[in-house]
Amino acid sequence: MRQPSLVRAVLVLPVSNMTESICWYSKVLGLDLVYLHNDPVDDPEGNYAILRRDGAEVHLILDEPPRVHPWSTAGSGYLFLLVRDIDAVFDRVKSSGTEIARGICKEDWGARAFLLTDPSGNLIRIAEEFAS
Numbered sequence: 001m002r003q004p005s006l007v008r009a010v011l012v013l014p015v016s017n018m019t020e021s022i023c024w025y026s027k028v029l030g031l032d033l034v035y036l037h038n039d040p041v042d043d044p045e046g047n048y049a050i051l052r053r054d055g056a057e058v059h060l061i062l063d064e065p066p067r068v069h070p071w072s073t074a075g076s077g078y079l080f081l082l083v084r085d086i087d088a089v090f091d092r093v094k095s096s097g098t099e100i101a102r103g104i105c106k107e108d109w110g111a112r113a114f115l116l117t118d119p120s121g122n123l124i125r126i127a128e129e130f131a132s
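Per the numbering used here, residue 1 is the first one in the sequence shown, and the count goes up by one each step.
Source of the hints: derived by calculation from the structure; they are not laboratory data. Given the structure is predicted, the values throughout are model-derived calculations rather than measurements. Some hints could be false.
The calculated lysine-lysine pairs, modelled on BS3-like cross-linking and capped at a C-alpha distance of 30 Å, are [unchecked claim]:
#1 Lys106 / Lys27
#2 Lys106 / Lys94
#3 Lys27 / Lys94
Let the sequences and hints guide you as you build the complete structure.
As structure tokens, then:
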């Protein structure tokens, strides 16, 4: 009998404007849009998107009233990205004109990280762990 296992975890961030968010994640973090759920009548701009780059996948959900769950409120999300070459990622973010909330700092838990927020107010921590 096969043992049950966790295959992967997916982060879903609530956003206030789907088009703006897709553009921002593409420009600032280099994520590619791979899926957009939209309805020509009810949601022409889309209400759910999947973006990918390398081994990372971020899902976006539109904050649409009435909210069924409090986690779907734009700005309530937190994205934690582990990267290689944090200095290059930092330079990319900075060159995009995005405001950095906190520059690269050494973390007590064995990493260097910086902070920013997306256009909906979701916090993003980008970190690179120290080599063992």
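Hint-by-hint comparison with the structure:
no. : hint           : verdict
1   : Lys106 / Lys27 : holds, 26 Å
2   : Lys106 / Lys94 : holds, 18 Å
3   : Lys27 / Lys94  : holds, 11 Å
Consistency note: the structure conflicts with none of the earlier hints.
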